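2 protein chains.
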Amino acid sequence: MEYTTQMDAAKKGIVTRQMRDVAEREHIGLDQLIDLVARGKVAIPANRNHTNIKGCAVGERMSTKINVNLGISKDASSMDDEIAKYRKAIEMGGDAIMDLSCFGKTKTFRRKLLAECPVPIGTVPMYDAVGFLEKGLSHIEPREFLEVFRAHAEDGVDFMTIHAGLNRRTVERFKANRRLTNIVSRGGSLIFAWMISTGNENPFYEYFDEVLDIAEKYDVTLSLGDAMRPGCIEDASDACQIGELMELGELTLRAWAHNVQVMVEGPGHMPIDQIAANMLLEKRLCHGAPFYVLGPLVTDVAPGYDHITAAIGGAVAAANGADFLCYVTPAEHLRLPDLHDMKEGIVAAKIAAHAGDIAKGIPGAAQWDHRMSEARRNIDWKAMFAEAIDPEKPRAYRESSPPEHEDTCTMCGEMCAMRTMRRALEGEKEF
Amino acid sequence: MEYTTQMDAAKKGIVTRQMRDVAEREHIGLDQLIDLVARGKVAIPANRNHTNIKGCAVGERMSTKINVNLGISKDASSMDDEIAKYRKAIEMGGDAIMDLSCFGKTKTFRRKLLAECPVPIGTVPMYDAVGFLEKGLSHIEPREFLEVFRAHAEDGVDFMTIHAGLNRRTVERFKANRRLTNIVSRGGSLIFAWMISTGNENPFYEYFDEVLDIAEKYDVTLSLGDAMRPGCIEDASDACQIGELMELGELTLRAWAHNVQVMVEGPGHMPIDQIAANMLLEKRLCHGAPFYVLGPLVTDVAPGYDHITAAIGGAVAAANGADFLCYVTPAEHLRLPDLHDMKEGIVAAKIAAHAGDIAKGIPGAAQWDHRMSEARRNIDWKAMFAEAIDPEKPRAYRESSPPEHEDTCTMCGEMCAMRTMRRALEGEKEF
Chain B
1 MEYTTQMDAA KKGIVTRQMR DVAEREHIGL DQLIDLVARG KVAIPANRNH
51 TNIKGCAVGE RMSTKINVNL GISKDASSMD DEIAKYRKAI EMGGDAIMDL
101 SCFGKTKTFR RKLLAECPVP IGTVPMYDAV GFLEKGLSHI EPREFLEVFR
151 AHAEDGVDFM TIHAGLNRRT VERFKANRRL TNIVSRGGSL IFAWMISTGN
201 ENPFYEYFDE VLDIAEKYDV TLSLGDAMRP GCIEDASDAC QIGELMELGE
251 LTLRAWAHNV QVMVEGPGHM PIDQIAANML LEKRLCHGAP FYVLGPLVTD
301 VAPGYDHITA AIGGAVAAAN GADFLCYVTP AEHLRLPDLH DMKEGIVAAK
351 IAAHAGDIAK GIPGAAQWDH RMSEARRNID WKAMFAEAID PEKPRAYRES
401 SPPEHEDTCT MCGEMCAMRT MRRALEGEKE F
Chain U
1 MEYTTQMDAA KKGIVTRQMR DVAEREHIGL DQLIDLVARG KVAIPANRNH
51 TNIKGCAVGE RMSTKINVNL GISKDASSMD DEIAKYRKAI EMGGDAIMDL
101 SCFGKTKTFR RKLLAECPVP IGTVPMYDAV GFLEKGLSHI EPREFLEVFR
151 AHAEDGVDFM TIHAGLNRRT VERFKANRRL TNIVSRGGSL IFAWMISTGN
201 ENPFYEYFDE VLDIAEKYDV TLSLGDAMRP GCIEDASDAC QIGELMELGE
251 LTLRAWAHNV QVMVEGPGHM PIDQIAANML LEKRLCHGAP FYVLGPLVTD
301 VAPGYDHITA AIGGAVAAAN GADFLCYVTP AEHLRLPDLH DMKEGIVAAK
351 IAAHAGDIAK GIPGAAQWDH RMSEARRNID WKAMFAEAID PEKPRAYRES
401 SPPEHEDTCT MCGEMCAMRT MRRALEGEKE F
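If you're matching them up, the sequences are chains B and U in order.
Going by the numbering used here, the first sequence opens with residue 1, and the numbers climb by one from there.
Going by the numbering used here, the second sequence opens with residue 1, and the numbers climb by one from there.
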């Protein structure tokens, strides 16, 4: 084995297959890419056992990626339904999939997914711990958590969320700084309950070096979870959140020293005017590690529409440096998303990512909009649908309401500005 | 008559009935409000003939308002359908209605609407000109356009969009600065076609003093239209747009000298990183006049989802000083919106406005989020629905997927972080 992880390869100047994929997709030279990967600014999640993966990079200078969550649980127990969701997600341009399975034959599902999936797969081992170890949470021994982590790594999982920053210091800070909605991270709340119930330090923190050994062996990218992410706009940017972020920054350096790739997870709920400062803080405190955000949701009051509140925050975050957006569906806070919710969530996240890419000046981003607007000026409906982020919905809209003239739509009818301007600029005099 | 317009009253220190409504709604003292209205920073659109109107203010220090478009046209000819839309829009919290009727019995519809509507009604006289004057656009005499304006004013219309900034100077600038999608403003393109076809100056510019006489008499707030708003992100912030904005700034001062209230209309399509600069420019070049934006849409590539691209831009705009957001529906660029599209558009616009209000520090804004998040922490579903920006959709979501335990939802099931934290903080040890 010439190298362990993509970061190790980059440090040694070795060009991997995945780096070639990335260089092509991102219109970037291999030298520049290798430098970014070696310094941890870019992560290429690619477990050595996930052999059919295509390289996909997250971080500085890369296009903003989006993640789609799915998985089997008590309330969504059909593997076939979840596999159907996965296939639709890939078709619609999802860049990564997180398998959040927490009940039932999670191992079978995970392996099935990895066998066919060409994009990075992430998991949260905490969600699978009780099922995997077949015992109540409070009765799990510290090192047993590492066994779940190892099992996922062996199966080929490309990135794993661990809430290693929720250590005793962070818990102390949480106790000293009251917040409105406490801990809203699912994995974080489970670790917190385990720590309170057993009196022990967080095992992912205490045995972080062992985690790194496993991660390096398989090239698992650590996604350092933010247990203290604000669960409401009132808790945003508080001492709990920023304190944990500093812990994640220290863990990032330890991981990089072991050639382990890192992404840092971020908020959460956050007023729109705090987002830019938070992006800056993460890049500073976590030494330029890629930032993976869930939202941010810019208001708490819109259940049923949180794909929109998240798209607003995600676009602002991406424009200010976030690298990876976790999709949020209209079902957030209410129920498990169905296939329709997933589609709405994917499109909203892709809009946010692309809006960010235009602002970031990612090569090729604004050209897409140019092609669309050229089609619009030419009133070329076929080209407009072809360029649409989702061709299905606009086509259905137009077909539902056929206009009198092919070169208009029913929105403006004969008053279509594109049509009027075309005629005026061609010298027509009679309107 | 003690005063002509709300601005005239404010300059004379007279407190109007509408100012009292505004002071109560906006938690602001009358002295401060009067000062803002007198200086044009705040407009209170309220035609003297629209007698059942409740005061609603747009501008500095006010909560961000949203406008809902509707109206009868060739493709939406049923007055009853449009009246039903109007009623739903008011029920959902629309702050103003623009009646964009352009075909059929527009006068009957307008009067019907004004008779029952307590919020400001806006129109675009250009849309109604051909129908009102019963002749082809190119054959309309300059001053005849003023007759349409006067008729709407007499009927009680509170604010009217006129594209007076599209004068010969602006047309010259348009010719000297090529842009991808030319003029995408419906009214603007009609004025342009009329100017090209007749060789005349824009009548709303040429006879602006006569427009002001009518506007002052009835207290019509001018909504100075942006014919040159960018129709694609590539055209954003170009010389055509900024040149026209300077014309609008000069017209604003002329209007204020006649005690006529003004709002300035703005983009359009615009990359997210240009929005803040544009808000600053409008406030500077138009002397602090309220800014009424359509979008901005932060990408061109998402037909079918433009309520989301507009919510992103609208939230950023509002956070940076935009005062009034025109709603955009998922049907934008594709067809006339139906009732469902209108609802989605209203909620998206209200989310954007509220996200902006949180950032602006508008009194009461963040408290709404506080109440929602308290309900969420308490896992109090009834309170959550009561606080939701739209209670219908989240309730339907939850009812569609009943969870095993009442104090969870199917999203996280037993792993609900709110539930875990409640148990942990109450001292429970067994998880």
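Do not rely on the hints blindly, as some may be mistaken.
No copy is singled out in the list; a pair is fine if it fits within one copy or between any two copies.
Derived EDC-like pairs: lysine to aspartate or glutamate, alpha-carbon spacing no greater than 16 Å straight-line [claimed, not checked]:
(1) K343 with D21
(2) K429 with E141
(3) K74 with E404
(4) K105 with D81
(5) K107 with D338
(6) K393 with D341
(7) K54 with D81
(8) K74 with E428
(9) K429 with E392
(10) K107 with E374
(11) K135 with E414
Because the hints were derived from the structure by calculation, they are not lab data.
None of these values were measured; they are calculated from a predicted model.
Right, here's what the structure says about each hint:
Taking the shortest alpha-carbon separations for K343 and D21, neither the intra-copy value of 26 Å nor the inter-copy value of 43 Å comes in at or below 16 Å. With identical chains, the CA atoms of K429 and E141 are at most 16 Å apart between copies only, with a shortest distance of 15 Å across copies and 84 Å within one. In this homomeric assembly, K74 and E404 come within 16 Å of each other (Cα to Cα) only across copies, at 9 Å, whereas the closest approach inside a single copy is 51 Å. Taking CA atoms no more than 16 Å apart as the test, K105 paired with D81 passes inside one copy only; the shortest distance there is 14 Å, against 52 Å between copies.
Taking the closest pair of Cα atoms, K107 and D338 never come within 16 Å of each other, the shortest separation being 22 Å inside a single copy and 46 Å across copies. Taking CA atoms no more than 16 Å apart as the test, K393 paired with D341 passes in both settings, with 14 Å inside one copy and 13 Å between copies. Taking the closest pair of Cα atoms, K54 and D81 never come within 16 Å of each other, the shortest separation being 24 Å inside a single copy and 52 Å across copies. Taking CA atoms no more than 16 Å apart as the test, K74 paired with E428 passes in neither setting, with 66 Å inside one copy and 24 Å between copies.
In this assembly of identical chains, K429 and E392 lie within 16 Å of each other by CA distance neither inside one copy nor across copies; the values are 38 Å within and 51 Å between. For a Cα distance limit of 16 Å, the shortest separation of K107 from E374 qualifies neither inside one copy, at 49 Å, nor across copies, at 37 Å. When the C-alpha separation of K135 and E414 is checked against a cutoff of 16 Å, the pair qualifies only between copies, where the shortest distance is 15 Å, while the shortest distance within a copy is 69 Å.
Consistency with the previously given hints fails for numbers 1, 5, 7, 8, 9 and 10, ordered from lowest to highest.
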